[in-house]
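Participant: Sequence:
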Amino acid sequence: MKPDDKGWLPNFKKLVWIFVITCFIGYIVEIIFCIVWYGKLENRQGVLYGPFTQVYGIGAIIMCFTVIPISKYGFIPTFLVSALVGGTVEFASSYCEELIFGTRSWNFSNHLLTLDGRTSLPMMLAWGALGYTFAKWIYPCLNKWIDKIKITKSNAMCAITAIFFVANFTLSGLAVDRWMERIHGQQADTRIDSFLDRIYPDSRMAFIFPKIEPVD
0 MKPDDKGWLP NFKKLVWIFV ITCFIGYIVE IIFCIVWYGK LENRQGVLYG PFTQVYGIGA
60 IIMCFTVIPI SKYGFIPTFL VSALVGGTVE FASSYCEELI FGTRSWNFSN HLLTLDGRTS
120 LPMMLAWGAL GYTFAKWIYP CLNKWIDKIK ITKSNAMCAI TAIFFVANFT LSGLAVDRWM
180 ERIHGQQADT RIDSFLDRIY PDSRMAFIFP KIEPVD
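Anchor point for the sequence shown: position 161 equals 160 in numbering that gives the first Met the number 0, and the numbering is continuous, going up by one each time.
Calculated directly from the structure, the hints in this document are not laboratory data. Careful, some of the hints might be misleading.
To be verified - With a Cα cut of at most 27 Å, we get these calculated BS3-like pairs of lysine-lysine:
1. Lys147 x Lys210
2. Lys39 x Lys210
3. Lys143 x Lys12
4. Lys71 x Lys147
5. Lys135 x Lys147
Claimed, not checked - Simulated DEER-style distance windows between Cβ atoms:
6. Gly73 x Gly172: 36 to 44 Å
7. Gly49 x Leu112: 27 to 35 Å
8. Leu124 x Ile182: 16 to 24 Å
9. Gly49 x Val214: 36 to 44 Å
10. Thr169 x His110: 28 to 36 Å
11. Asn154 x Pro68: 21 to 29 Å
12. Thr169 x Ala91: 18 to 26 Å
Everything numeric in this text was worked out from a predicted model, so none of it was measured. Here a beta-carbon is modelled for each residue, glycine too, at the ideal position from N, C-alpha and C.
Take the sequences, apply the hints, and build the full model.
Facilitator: Take a look at the structure:
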């Protein structure tokens with residue numbers, strides 16, 4: 000992928016930092032939403048280690064290639080495309096989670112015009128607002144900030160960060176999968192299972208992922 004020769008196309012380095020930062024922003028958004036809507040403080044991270052919610056990072060990366068190019072056409076196109084992209088990412092993420100792990104982290108069945116409880120009209124409208132904010136203010140600021148980082152240091156940090164997230168996602172997936180196996184009464188068959196049982200017991204997993212529920 001070439002550097003920003005088209006003005007908006009981010010290179011790999013920028014994609015990594017955009018993903019990380021928006022995962023963190025998403026975590027903050029989820030915490031604030033939980034406090035305002037439910038009146039309680041609840042952990043909303045999507046991985047074992049770090050205050051990150053990956054669905055926001057995934058959405059931001061896709062928006063870099065779909066929303067940013069059309070943001071010059073004004074509010075309505077940007078809002079509508081953001082709503083569509085966000086709803087699609089939300090639906091696909093929920094579907095893949097259920098397919099791979101047999102779990103769901105959110106259920107919007109009680110929302111207006113819901114789509115299998117995986118996304119809904121209110122959530123897509125929220126994505127529209129977030130996408131417009133991302134295109135109008137967040138992305139330009141991130142773009143300028145990343146350009147100021149020295150390229151040698153940035154490349155090393157980028158590689159380390161990418162490795163950390165790959166390891167974090169892999170370990171999180173293994174821990175969630177083993178958690179669900181325990182819930183269904185499956186005993187540890189391997190050393191890895193025993194390790195996961197010891198380091199990530201049910202109580203710890205329930206604290207880190209309070210919204211994850213097994214699907215019958």
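Participant: What are the numbers of the hints the structure violates, in ascending order?
Facilitator: 1, 8, 9
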